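Colleague: Now for the letters of each chain:
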Amino acid sequence: MTSTLNRPPVESSSPATSHIPKKAPIAWKHRLSAFDVKASPYFYVAPFFILFAIVGLFPLVYTFVVSLFDWHLLKGQGDFVGLGNFVAVLNDRFFWNSLFNTVSIFFLSSIPQLVAAVVIAAVLDQNLRARTFWRMSILLPYVVTPVAVAMIFSNVFGEDYGLINNLLESFGITPVMWQNETLPSHIAIATMVNWRWTGYNALILLAAMQSVPRDIHESAALDGAGAFRRFFSITLPSIRPTMVFVIITATIGGLQIFTEPRLFDPVTAGGSQRQFQTTVLYLWEMAFFRQNFGKASAIAWLLFLLIVIFGLINFVLSRSIATAEGRGAKARSQRRLAKVRAREARESLRAGTAASVHRKTTLGADPSKSAEPPAERSAK
Amino acid sequence: MSATTLTRPTEAAETSHVRRKSRFHGIDKRPGWLTYALLGVFFLCSAYPLWWSFVMGTRDNAAFGSTWPPLLPGGNFWKNVGEVFDTIPFWLALGNSLLISSIITVSVITFSTLAGYAFAKLRFKGRDGLMVFVIATMAIPTQLGIIPLFMVMRTLGWTGEIGAVIIPTLVTAFGVFFMRQYLVDVIPDELIEAARMDGANMISTFWHVGVPAARPAMAILGLFTFMTAWTDFLWPLLVLDAGNPTLQTALSQLQSARYVDYSIVLAGAILATLPLLLLFIVAGKQLISGIMQGAVKG
Amino acid sequence: MNLSRRNRLASGIAGAAAFALLATGCASTGGGSSDGDIELSITTFGTFGYDDLYKEYEKANPNITIKATNIDTGGNARTDAFTKISAGSGLSDVVAIEEGWLGAIMEVSDRFVDLNEYGAEDIKDNWVPWKYEQGTDPDGRVIGYGTDIGPQGLCYNGKLFEAAGLPSDRESVAALFGGDDATWETYFQLGEQYKAATGKAWYDHSGFVWNSMVNQLEEGYYTKDGELNVEGNTELRARFDQLAAGTAGGLSANQKAWDWGKGKAFVDGSFATFVCPGWMLGTIKGSLESGGGDASTGWDFADVFPGGASNWGGAFLSVPTTSEHPEEAAALAEWLTAPEQQVKQSAAAGNFPSTIEAQEKLAEEATPNELFNNAPTGAILASRAEGVIAQFKGPHDSLIQENVFGPALKLLDTGKTKSADEAWDEAITLLNDLVVNN
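Protein chains in written order, with our numbering: chain A, 28 to 407; chain B, 0 to 297; chain C, 466 to 903.
Please keep in mind that the hints were generated in silico from the structure rather than gathered at the bench. Some hints here could point you the wrong way.
[Stated by the list, open to error] For lysine to aspartate or glutamate, the following DMTMM-like pairs were computed, each having C-alpha atoms within a straight-line distance of at most 25 Å: (1) 809/C / 789/C; (2) 881/C / 196/A; (3) 532/C / 188/B; (4) 78/B / 517/C; (5) 102/A / 690/C; (6) 102/A / 636/C; (7) 78/B / 754/C; (8) 665/C / 186/A; (9) 665/C / 650/C; (10) 102/A / 692/C; (11) 28/B / 250/A; (12) 665/C / 692/C; (13) 524/C / 85/B; (14) 520/C / 85/B; (15) 881/C / 208/A; (16) 532/C / 579/C; (17) 102/A / 754/C; (18) 532/C / 85/B; (19) 881/C / 250/A; (20) 65/A / 188/B; (21) 65/A / 189/B; (22) 102/A / 602/C.
All values reported here derive from a predicted model rather than from experimental measurement.
Model the full assembly from the supplied sequences, consistent with the hints where possible.
Modeller: Dropping the structure here:
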């Protein structure tokens, strides 16, 4: 299946530089047309910018305004307190506790998830029978919404008579306090995230793996490299940029996790000792339980800054990894491709199938290109 | 980047298919039993929690006590489903979720395609600066603006209406970026020029050249936007009420109302999963290629 | 080939959208008001036992449809109510308010209809006076009709008592705990005795015991004048130490309240006593059912309570000013809280009515409660209600109960600390964080 059919009929040979405009508009257009040309782009982008300003930027800016006041959910605006709310939040042990929990859950979900996704992708990256079935089977959890996931796994991880503790007890193992203890509760919540997202990320990594030219694998195989060797020296380096992007989206989403901890214990909003209260959950508690909009806004802004910082770090890291790795991988690919071409040229001469060579090589991906998984997860 | 980028993974996969009988030994041969054993394990990990919930949703609370979880459904499913329908306005919630997600999807696709097309293919003053702005705002978690948004909705008196859920997500910076990245490669400038030569004005050029070319990306963007809207929880929880919920808030309402009736709660969770599950079974292949295409597109 | 596939997807989405339009289109007519048909929404929490009463009311008033929502705990109901009060919409036509956060509601009592406009004065004498007064704001506006009150008796498991060599029939148990002079000291002593004999816990978790201890004081977390009264409150502290010592000695089963291991902790003998305000009987019933227990599990209800009479909880029905049908809503609230219905509610949920006539009726009928070894729970509660005093509830009462002392006592329950000082200090810190400096 390809989407080739939907493309404009002119088969493009245009290089990557095509976004640089080519020629000035031609003068035979009359005035109306000139206005059309000039103004249209603004009409096209305006709806986005206007709406975004209203529903995206304004709330963010206004959150900062609110954070400068005593502001009660019911009583409304109070005195101006400057950065008082920020100081209070930064001195609030629950805020730091929520940050610790958030980051801990984030690591417990992102790292195992990435490792598992790579392994699954590698297993899927073979000439499988019933390929679609297997791909669908790992993506299955993705269609279960976080609310349903939380409800299901709250029962799986129940302390008394949960699925896992029942099994543990039947093997004579002491049941784990999945909600009362900090680390187990983080593991339980991370498991919910992992269950839903691992298959999705595996598919993204699989796509990256498949964009590594087959020829490189083949020539490496000819050189006697086994499957494992090829995985570590060819596959892994070339999917690294994609992995970075998986991590970035995981970060933006992971730092905003709310649904799972909220529903893991619906009575306490993050555990009796706040042992799994995340920052967004604390924000919710501050705003709608403690009814302090001022402090809640300060929390929102601090979290916002944190996400931006994490994003920047990720960006810088991905840049350097992508270029460094890309360069190395590229050089290796080039060498391999040269070899492959030479060999294929020889063989095609013999077999008379030169036609196929060209097609194959155009499929070669540039591994330095960053892959971009859709930023859907930020919306958890 | 070449115009074939979008289809690369699937084509690559298909070539590997063709090349199965490659003379080069080894890399595309059929994998052994170990691979399928591993896949079987992955499959179990994915499917078992769902199956377990379904089984529990067809039984009663006593089933939770048995040490070894029952493997086959019991006879209480319809009774539990009846209880779910009695407790939450399931169909209303499903309708709301579909309506909200559909409107948001259409809106995001429309505005993203328009703006993405302009950024990719049209020249105008300030284009690059605005594009940088779009990229910069992509990482901004607009969800953190819930406090002012809540205040605005309450001032406008929109709380309780599904419009309050729809409005804040009508556009996304990511959508614009995504469409721009796609369109920049996929439409040759010559094509636009040719259309203009034929006397087409800007909007009809967009309609006849831009939109057809953008369709595959629109489908992918639509898919993800729909899922995002469908799964949203925090915001609808704040602005909607029990009388007019989305599927997600209704589910949490069910958990809250029937907190001791675990089999009913799980029956509800399964019931709420069914619509997407059916869609997944019908269109799973498209979803997979969508994710994989979106992945390689940068 | 691709075209057709994509089209299938596209048409699928389009179909879904069309269906959505259809579904909401249909649904929006549901709330309609054609020809005087009125839909009244009501939000309750915990176990209210109203389901049959709704049906009865709908039958008697064919133009009225009742849309009921129930929330798991009073705490979550509080958050829900305040989120909706602040949103200015979304509150049901009738909202149940718990005694514990009535103080907070009183601060925004103008958001609720003055029931005097709908004849509250005429039925004033239905209620025990203090209940009616609680529902009246400082300006004399009546914003809530009392549903139930929470006089406390002692639930105990007769079979477990027997196994531990304790007497098990109701009268002997009441006498064992000290009858009218029952004290917490005796309660904890017996607990130690039970623990020594069986190795098992005495009560499910510390939080509920604590709530009972606080609620029977003349002044709780607030003084009568509405001043916060926790730090330096020696009486409170003495009780806290008493409880902490018991818990540190292993008397608490460290159960998760409102869950109790899916109710199984009530069945498997995890603990032998349970503090029982009337409404708790319904909660226990639900837990027993979900935990697979029944009358043979051995629970019973004794006419005794450590430290004397205690009232924990109870609720009110209010009509928010946002209701589109305040008159009909007030009528429903009035009907649901009328003596006759309170008796039925009590039969369904086990809770104890707040109207005098209903109380007398329960005392008189002394209907045996099968689940509790045929104890006449209504009559026992009537006896337990004697001498109950209405404690002043401040604006943060329920918050202090659940979010200040709850976590502090959980420290003791989970064994994270055995020191009463440490747990108390944690409570004070929490109080300062959540209430004083919020």
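Colleague: None of the hints should be skipped; say for each whether it holds.
Modeller: Hint check results:
For the hint linking residue 809/C to residue 789/C, the alpha-carbon distance of about 28 Å lies beyond 25 Å, and the restraint is violated. Of the supplied pair hints, the one linking residue 881/C and residue 196/A holds, its CA atoms being roughly 23 Å apart against a limit of 25 Å. Annotation: proposed proximity of residue 532/C to residue 188/B is violated, straight-line Cα distance about 60 Å (limit 25 Å). A distance of roughly 19 Å separates the Cα atoms of residue 78/B and residue 517/C; the hinted pair therefore holds under the 25 Å criterion.
Only pairs whose Cα atoms come within 25 Å are accepted, and residue 102/A paired with residue 690/C is accepted, the gap being roughly 23 Å. The hinted pair formed by residue 102/A and residue 636/C fails the criterion: a straight-line CA distance of about 53 Å is larger than 25 Å. Proximity of residue 78/B to residue 754/C is assessed by CA-CA distance (about 16 Å); at most 25 Å being required, the pair is judged to hold. For the hint pairing residue 665/C with residue 186/A, the CA-to-CA distance comes to about 18 Å; that is within 25 Å, so the pair holds.
Taken as a hint, the residue 665/C and residue 650/C pair is honoured in the structure, with Cα atoms around 19 Å apart against an allowance of 25 Å. For the suggested pair residue 102/A and residue 692/C, the alpha carbons sit about 21 Å apart, so the restraint of at most 25 Å is met. For the hint pairing residue 28/B with residue 250/A, the CA-to-CA distance comes to about 17 Å; that is within 25 Å, so the pair holds. Taking the CA atoms of residue 665/C and residue 692/C, the gap is near 40 Å; set against the 25 Å cutoff, the hint is violated.
At most 25 Å may separate the alpha-carbon atoms for a hinted pair to count; residue 524/C and residue 85/B meet this at roughly 18 Å. About 13 Å separates the Cα atoms of residue 520/C and residue 85/B, which keeps this hinted pair within 25 Å; it holds. For the proposed pair residue 881/C and residue 208/A, the alpha carbon gap of about 10 Å is at most 25 Å, so the pair holds. Distance check on the hinted pair: residue 532/C and residue 579/C sit about 23 Å apart at the alpha-carbon level, within 25 Å; holds.
For the hint pairing residue 102/A with residue 754/C, the CA-to-CA distance comes to about 44 Å; that exceeds 25 Å, so the pair is violated. For the given pair, residue 532/C sits about 10 Å from residue 85/B by alpha-carbon distance, which is consistent with the 25 Å threshold. The hinted pair formed by residue 881/C and residue 250/A fails the criterion: a straight-line CA distance of about 61 Å is larger than 25 Å. About 17 Å separates the Cα atoms of residue 65/A and residue 188/B, which keeps this hinted pair within 25 Å; it holds.
Between residue 65/A and residue 189/B the alpha-carbon distance is near 19 Å, which keeps this suggested pair within the 25 Å criterion. A C-alpha spacing of about 18 Å is found between residue 102/A and residue 602/C, which places the hinted pair at or below 25 Å, so the restraint holds.
This entry does not satisfy hints 1, 3, 6, 12, 17 and 19, going by the numbered hints stated previously.
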